[in-house]
Amino acid sequence: MDNFNTKRVKKSEIVQKVKEDKAKLRARKQEIKALPEAERTAAIEQDKQLRKEQKQQTKMELKALSRKDRRAMKKEAKRYKKIKNRPRRFTGWSIVALVVILLFVQFGATASSIIDALTGKHITAVTDSPEALAAREQGGKIAEEIANEGIVLLKNDDKQLPLKDKKVNVFGLAALELRYGGGGSGAGDTSRAVNLFKGLENAGISYNTELHDLYQEVGAKAGSKASTGVIQVVKGMLGGNSSDEPKIDYLSDEAIAQAKSYSENAIIVIASESTEASDATAEQLKLTANKRALIEKVAQSFENVTIVVNAGNALELGFVNEFKSIKSVLWIGTPGPYGANALGNILAGNINPSGRITDTYVYDNSSAPASENFGDYKYDNLKYSFLNYQEGIYVGYRFYETFFLNDEAGYRDTVLYPYGHGLSYTDFEWKVLNQSLSEDKIELQVEVKNVGDRAGKDVVQVYYSAPYIAGGIEKSAIELATYAKTSLLEAGQSEVLTLSFATEEMSSYDMNVEEAYVLDQGTYSIKVARNVHDIVASYDLELADKKVFKQDKDTGTPYENRFELAKGEVTYLSRNDWEKTYPSDENISHKAPQNVVDAFSKEPEASTMEMPTVGANNGLVLEDLKGLAFDDPKWNEFMDQFTLDEMIDYVANGAYRTMAVERLGVPKTLLMDGPAGFSYFFKPIEAASYPSEIVIAATWNNDLAYQMGEAVGKEARAYGIQGWYAPGMNIHRTAQGGRNFEYFSEDPVLSGKMAASMINGAEDQGIIAFMKHFALNDQETNARSGNLIWANEQAIREIYLKPFEITVKESSPLGAMSSFSIIGTKWAGANSVLLNDVLRKEWGFDGFVSSDAVFGFMKAPDAVVAGNDLMLDIMTPSKNEKLLKQAYKKDPAGITNGVRTSVQHVLYTILQTYLFEK
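Heads up: the sequence shown begins at 4 in the numbering used here, then just goes up one per residue.
Treat the hints with care, as some may be off.
To be verified - BS3-like cross-link-like pairs, simulated, lysine-lysine; straight-line CA separation at most 25 angstroms:
| id | residue 1 | residue 2 |
| --- | --- | --- |
| 1 | K327 | K434 |
| 2 | K921 | K637 |
| 3 | K444 | K530 |
| 4 | K530 | K452 |
| 5 | K144 | K162 |
| 6 | K20 | K66 |
| 7 | K671 | K124 |
| 8 | K263 | K300 |
| 9 | K124 | K882 |
| 10 | K921 | K671 |
| 11 | K263 | K167 |
| 12 | K289 | K327 |
| 13 | K605 | K885 |
| 14 | K27 | K51 |
| 15 | K885 | K386 |
| 16 | K386 | K605 |
| 17 | K892 | K862 |
| 18 | K144 | K124 |
| 19 | K58 | K25 |
| 20 | K27 | K162 |
| 21 | K169 | K66 |
| 22 | K124 | K167 |
| 23 | K162 | K51 |
| 24 | K488 | K530 |
| 25 | K289 | K330 |
| 26 | K885 | K671 |
Read the hints as simulated data drawn from the structure, not as lab findings.
Working from the sequences, and respecting the hints, build out all of it.
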C-alpha cells in the first residue's frame, strides 16, 4: 500500500509538472505570436536550439548517474511523456471511435446496440478470481513454450548463432514495438508483454543502451505507437497501418562508431503490419527504401548481422543473401507477449530453435499464380465484388514444386526458403528402420539421432508424389502427408518416430469423370524429408489398378460435385499446359453473367414442411435431454415448448453469447474471440495471450497445440466462458492475406491437424471451439461487403475445405463459424450445400454454426433455413429479428422449422459443455 501511495503521489507531481510546462509553452507561443515576422522566426529558432541544448545536457547528466538512478530517471521521463501526450491520444482514439460508429450506422445499427457493443454489456467474464489468475499464469507458460518452438532459424552461416559475444547492437524502430500479434479478433492481451530489450536482458544478453536511447528519441519524433483491436482494424481499412522505418539520417558516423566499439554484433528487426479487414499490398511485403537503407548501412558497417523477421505475412527476404555480413536470419512471426524471451534465449543459446516455416518464401511474391487474382474486383452490374481462384490447386509449394519439377536452376532462382524449412544449432541423423506400404496404409519408423553437441528437437516430414496422367486429374508434384516432432534429444540421444497415414489420403478429387476421390494406377513415391524440397529417403508403392472412393468412409455419404455453381466462367491452371492456362486478370470481365444477376433477385420458394408445434407445456427442461441423441423423440416434446418469438430472439441475438430461457432451464452462455487468446473487439479483456496461429503451426508440434487449447479451456472455465471463436484455419492463398497471421499455413494438412489438436485440448475442458471461417475466406478486401468466390470443385475440396474436414474427423468440434464469402452465388452462412450437405451429412459434424460478424448482405432468414444457427450480429440484431418476422409471414412453416432446428442445434451443443457436467 505504501508503494501504491508513493506511485500515486509521484504521478500527481508529474501531472502538475505537465500542467505547468504546458501553461509556460502556451504563454511562450503567445509571446512569439505577438512578435513581428522577422523576430518571430528568430525566436522559434532560438527556442529550438535551447531545447536541443537541454536535451544534450540531460544526456550528460544521465551518463553521470549510476545505472539504477539512470533507469529511474528514464522511467520518470517516460511517464511524463505518456501523461503529456494523453489528451492528444484520446482525441485520436475519439476520432477513430467516431469513424467506427459511423461505419456501423451505415449498416443500420441502433443506438442501444452501439452502446451495448462499446461497453461490453454482455461480456460477463470474471477474470480476477484465484482460479482465473492461476489459469492465466499457466496459459502464459504455454504461450512462451510455443514461442520457444515456433521461432524458425532460416539462415546461420558460419554458425554465427548462438551468439558467442553476448553483446549486441539493436537497429530498427520496429525493435521498440515488437508486433506480438495481429489486429482485430486475432489480437490478444499484451498488457504483460515482455519487450525485446527485456527479453535480451532476461537471456543474459547485453545491448547498447546509447543506441537504444537514440532509437527512443527517433521513435518519439516519428510518433510511433502500436494499436490493436477495433482501432487497428479501422486504421487498416483507412490505409493507416504502416511499419516503415524513418529515414536513417539519425545514424551518424559517430553513432555507428560508438556501436562498433560496443560490439560487432548487429540485430535488425524488420516488421510488417497484419490486421483484420485489410490486406497487404505487394509493396508492403518488399523492403521499403528506408528499410533497405538501414540494412545496407548496418550490413556494411558490422561483421555479424542478424535479421529478425517480425511479421505474420511472408516477406520478400532475398536481400539476406546480398550481404556477406548478414549471417543469420530468425523468423519470429507474431510470437505473443513472451516472444521476446524466446528470441533472447535462442540468440543466447539457452534454447535450440526447432521451428519450421509454414509457407514458401520466394524472392518475388508476385510469382505465385494466385497473386494474379487478388484484391479489388467489382462487378459493374451487381452490387458485389468477385474473386477468381484461377490457380486451382496450385497454391504455395504445390505450384513451385510442380512448375519447376525438372528445372532446379529455375527453382533456386525463384524459391528462397522451401516450405517446411528450418535449421538447428545441432545436427540430426535419420535412419528409416521400417517401412510398410500397402493399399490400405502407409507406415514408416524413422530413428532420429542427435549427432551434434547440444540438445535439440527435430521435425520429420513425410510427403508423397502421386502419378500424373497428362490431361487427367490435376495433381501437385508433391504433397504433405504427415509429420512428427521429436522430444528434446540430448547430444548422442536418439528417438524412433512412427509416422502413418491411410493410403486413401493420397487420392485426388476427380471432378470431371468420377465425381469421387481417385487413386490412379501407377507409382506413388513416399518421401521422408526435412522440408518439401530436401528429401532424405523415398519409397515406392505400385498400384496395379485404379481405385475409386465413391463415399465418405466414416459417414457413408456418397461423394458428388456439390459446387458446380461456384465454378464460374473461369479457365483454371493446369500443369498440362502452364502457358495457356496461367492466371491473368488483364482481360477479366466485370460484368456478372445474367444467371448470377438473376440468382440475387430470386425470391426464396415457400417451404412444403409441416408447421411445428409452438408454445406447448410439456413440463420439460433442458437438463432432461442430457445424453439423448439429436433425433430422440423427447427433443420434439422439448422444442414444442418454445414460442416463435423466443426462437427468433435466440437466433438473432447470437453475438458473443446465447440467451437464457429461464422457464425452460436454458442457461445463457458467453462466447469470446479469439485465436490468440480471449479478447473482445471493443474493449480490453485481461486474459492469457498466445502467439498467432502461424507461429503455433511453425512448431510442427501437435502436442503443444493441444496444450494451448487445453490452457484456453481451463481459462474459459475459470472466467465463466463457454465458447471460443477459434481456431482460424483458412489458407494462406497468397502472401498478402491480411489475416495470414491468424491462420496456420498454405498447406491444408498442417492446418487441419494443428486445428484438430487445439480443439481437442479445448473441448476436453468442456467448452465449444468454433473452427473458422468456413470457408474460402482467404482475403480481407471486399469480404464485408460481399465477395463472390469462383473456384472449381477440386480446389474447393482439396485445398480450402480439407483443413475443416480433417478437423471434423479428428476432433469432432462442437462449433463452426461460417465465413463472409459468397461461394458462387450463395453466402456461406446461407449455403445449405456447404453447411448441411458437406459439413453435416458428408463429414458428420453435429455441433452448431454461427455466422461471422453480421454485415448488410448476411440475413437471418436465409441463414436459418440453410444450416447457419446463430447470427453474430453485434449492431443490428433488432433488424434481423424484424427480417425473420417478415419472412415468417411469407413462409410460416419454413421459418419456424428453420429457427427451431437452429435453436435445437445450439442447445444440443450446450448440453455437452461443462455447464451440464455432473
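Against the structure, the hints:
| no. | hint | result |
| --- | --- | --- |
| 1 | K327 with K434 | 35 angstroms, violated |
| 2 | K921 with K637 | 21 angstroms, holds |
| 3 | K444 with K530 | 15 angstroms, holds |
| 4 | K530 with K452 | 19 angstroms, holds |
| 5 | K144 with K162 | 29 angstroms, violated |
| 6 | K20 with K66 | 24 angstroms, holds |
| 7 | K671 with K124 | 14 angstroms, holds |
| 8 | K263 with K300 | 12 angstroms, holds |
| 9 | K124 with K882 | 19 angstroms, holds |
| 10 | K921 with K671 | 18 angstroms, holds |
| 11 | K263 with K167 | 16 angstroms, holds |
| 12 | K289 with K327 | 20 angstroms, holds |
| 13 | K605 with K885 | 20 angstroms, holds |
| 14 | K27 with K51 | 15 angstroms, holds |
| 15 | K885 with K386 | 23 angstroms, holds |
| 16 | K386 with K605 | 15 angstroms, holds |
| 17 | K892 with K862 | 16 angstroms, holds |
| 18 | K144 with K124 | 31 angstroms, violated |
| 19 | K58 with K25 | 18 angstroms, holds |
| 20 | K27 with K162 | 57 angstroms, violated |
| 21 | K169 with K66 | 22 angstroms, holds |
| 22 | K124 with K167 | 54 angstroms, violated |
| 23 | K162 with K51 | 48 angstroms, violated |
| 24 | K488 with K530 | 16 angstroms, holds |
| 25 | K289 with K330 | 20 angstroms, holds |
| 26 | K885 with K671 | 22 angstroms, holds |
When held up to the earlier numbered hints, the structure conflicts with 1, 5, 18, 20, 22, 23 and fits the remainder.
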